[in-house]
Amino acid sequence: MSESHLSGTGKTVGVLALQGGVSEHAETLRGLGAEVVLVKKAEQLQGLDALVLPGGESSTIDRLTRILGVRDALKSAISGGLPTLGTCAGLIMLAREIDDPAPGQQSLGVLDISVGRNAFGSQVDSAEALLEWRTPAGEVLPVKTAFIRAPRVSSVGEGVEVTARYRGEIVGVRAGNVIGISFHPELTGDTTVHEELLGLA
Amino acid sequence: MTETKDFNENITGSPLVKRGLADMLKGGVIMDVVTPEQAKIAEDAGAVAVMALERVPADIRAQGGVARMSDPDMIEGIIDAVSIPVMAKARIGHFVEAQILEALKVDYIDESEVLSPADYVNHIDKQGFKVPFVCGATNLGEALRRIAEGAAMIRSKGEAGTGDVSEATKHIRTIKTQIAELQALYAVSPDLLYVKAKELAAPYDIVLEVARTGKLPVVLFTAGGVATPADAAMMMQLGADGVFVGSGIFKSGNPEARAKAIVKATAQFEDPMAVADASRGLGEAMVGINVADLPAPHRLAERGW
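In order, the protein sequence lines correspond to chains A and B.
The C-terminal position of the first sequence is numbered 200 in numbering that gives the first Met the number 0, with every residue numbered one higher than the one before it.
The C-terminal position of the second sequence is numbered 304 in numbering that gives the first Met the number 0, with every residue numbered one higher than the one before it.
What the hints contain is simulated information worked out from the structure, not anything from laboratory work.
Bear in mind the structure is a predicted one, so any value in this text is a computation, not a measurement.
Take the hints with a grain of salt, since some may be wrong.
[Unchecked claim] One side only, chain A facing chain B, incomplete, derived with CB under 7 Å:
{"no.": "1", "residue": "G55"}
{"no.": "2", "residue": "R62"}
{"no.": "3", "residue": "L63"}
{"no.": "4", "residue": "D98"}
{"no.": "5", "residue": "P102"}
{"no.": "6", "residue": "R116"}
{"no.": "7", "residue": "A118"}
{"no.": "8", "residue": "S121"}
{"no.": "9", "residue": "V123"}
{"no.": "10", "residue": "A128"}
[Said to hold, decoys possible] From chain B, some residues computed to sit far from chain A (all C-beta separations above 10 Å):
{"no.": "11", "residue": "V16"}
{"no.": "12", "residue": "M23"}
{"no.": "13", "residue": "D70"}
{"no.": "14", "residue": "V81"}
{"no.": "15", "residue": "S82"}
{"no.": "16", "residue": "I99"}
{"no.": "17", "residue": "Y203"}
{"no.": "18", "residue": "D204"}
{"no.": "19", "residue": "G213"}
{"no.": "20", "residue": "E255"}
{"no.": "21", "residue": "E301"}
{"no.": "22", "residue": "W304"}
Note that beta-carbon positions come from the ideal geometry of N, C-alpha and C, so glycine has one too.
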């Protein structure tokens, strides 16, 4: 397959690079042909076709977005329609409300869901799993993935579509150009969700 | 609302899941804490995880005696106090302390030279545990032996409890240089890797993987003697994925400010002005001991085989 057939060819995708599983997303996106920008400053959000908020420690990433002054720029870029994928801590960042925030922890409030952190137990309960993923076209695709001290979506607002469930809980959602997932396809090499993001770009 | 169902298939305790948590800690600072109050200060400062222990390394050094796993009540108190991952230390080779820590549902076990070793020959067989382990290493061979035993994360050892960063520098540089040498060898004469594996006293298949990829198959943090924002930023520039800070925070004059400053400097390690800003007005750093003044039997980094 030539480069031009890859879903990321000609597209520039930012990965928020304050803390966490940044390199795995960058490698996945480069593997799909995209240019990757590691975003540490507000001005690096200019000119992006899509954005990934990676996994990591959500309370740390939240604090760093404020210390480094990228929070407002992130909020306005995502609200302004920049196609965005949030994974695990990134899903928590997107949410309107966090059920159980660390003291002082805030979210960006750009996706009308509430989330519960560490909803599936401690690290010994972290697991690899095969999920069903519902595409925008209504197709159901298998996604091989991993849950690492993962959050759950505890409620969804109007216009938010549920795309995946795990152990009875909502773990994938989509609303407009924003996709939020509790899990880590970037650790298993499954590119289904990343390709969907690139399709929005 | 569209309904989807899950397949209910799940595999816990796999290498991917164990290494995966360490992947999520990258770029972060893991702080030693001895009370729930300290754990909350660490969480509030932006630590990605805390290490629960009874005495920080500087006090273990000062007080002497045998250092062991902490009291389960103390560990559970810290688990209950914070929402970030909690790590705890087991003695080298003490697989029952590890079983206890797994039963307490700590998120990571540090098989640590900071505690008194329980076995002077064997480390814990870490493959059989669902909870992941981090282990110390002073060089590549030691790191790869720990990975072969099942370690899902490596930290360069440094010399804990000193506030002297020189050993941390030496160990991270050694590991990084040895990886680069393997990579160079792989490019010109991969047939020499068999003898290289023998020299490193590490399994050939892991040596080959490192030579091919140019990195460890697990996350590499650094530890031991980090006391200032500049120390943390230097470790990051030397190629560490993140930093452990032991005595450096709660043995300093203003732990809250220092903890925040080290988090900021670790995130912005490439920006000297940001590290400068993080370094302002922190008060006294921990007093510290020069490693050169430590008699050899008191050097913790030499524990582990």
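Verification of the supplied hints:
About 5 Å separates the beta-carbon of G55(A) from the nearest beta-carbon of chain B, less than 7 Å, and the hint is met. Of the supplied interface hints, the one on R62(A) holds, with its beta-carbon coming within about 4 Å of a beta-carbon of chain B, less than 7 Å. Annotation: interface hint on L63(A) holds; nearest CB of chain B at approximately 5 Å, less than 7 Å. Contact between D98(A) and chain B, as hinted, is not supported at the beta carbon level, the nearest pair being about 11 Å apart and thus beyond 7 Å.
For P102(A), the interface hint holds, the least distance from its beta-carbon to any beta-carbon of chain B being 6 Å, beneath 7 Å. For R116(A), the interface hint holds, the least distance from its beta-carbon to any beta-carbon of chain B being 6 Å, beneath 7 Å. Because the smallest distance between the Cβ of A118(A) and any Cβ of chain B comes to about 11 Å, over 7 Å, the interface hint for this residue is violated. Interface hint at S121(A): satisfied, since its Cβ lies 4 Å from the closest Cβ of chain B, which is below the 7 Å cut-off.
Against a cut-off of 7 Å between C-beta atoms, the interface hint on V123(A) holds, since the closest Cβ of chain B lies about 5 Å away. Because the closest C-beta pair between A128(A) and chain B is about 4 Å apart, less than 7 Å, the hint holds. With a least beta-carbon separation of about 5 Å from chain A, V16(B) fails to lie farther than 10 Å from that chain, contradicting its non-interface assignment. Interface exclusion of M23(B) from chain A breaks down, the closest Cβ pair being 5 Å apart, not more than 10 Å.
With a minimum CB-CB distance of about 19 Å to chain A, D70(B) clears the 10 Å threshold, and the non-interface call stands. At roughly 7 Å, the least C-beta separation between V81(B) and chain A is not larger than 10 Å, which violates its mark as non-interface. Distance check on S82(B): its Cβ comes as close as 5 Å (rounded) to a Cβ of chain A, failing to clear the 10 Å threshold; non-interface status is violated. Non-interface status of I99(B) relative to chain A is upheld: no Cβ of that chain comes within 10 Å, the nearest being about 13 Å off.
The Cβ of Y203(B) lies farther than 10 Å from every Cβ of chain A, with a closest approach of about 25 Å, so its non-interface assignment holds. Even its closest Cβ contact with chain A, about 20 Å, leaves D204(B) beyond 10 Å, as expected for a residue assigned away from the interface. Every CB of chain A lies more than 10 Å from the CB of G213(B), the least distance being 13 Å, so the non-interface label holds. With a minimum CB-CB distance of about 13 Å to chain A, E255(B) clears the 10 Å threshold, and the non-interface call stands.
Remark: the non-interface label on E301(B) is consistent with the geometry, its nearest Cβ contact in chain A lying 30 Å away (cut-off 10 Å). The non-interface label for W304(B) is consistent with chain A: the shortest C-beta to C-beta separation is roughly 27 Å, beyond 10 Å.
Comparing the model with each numbered hint stated earlier shows that hints 4, 7, 11, 12, 14, 15 do not hold.
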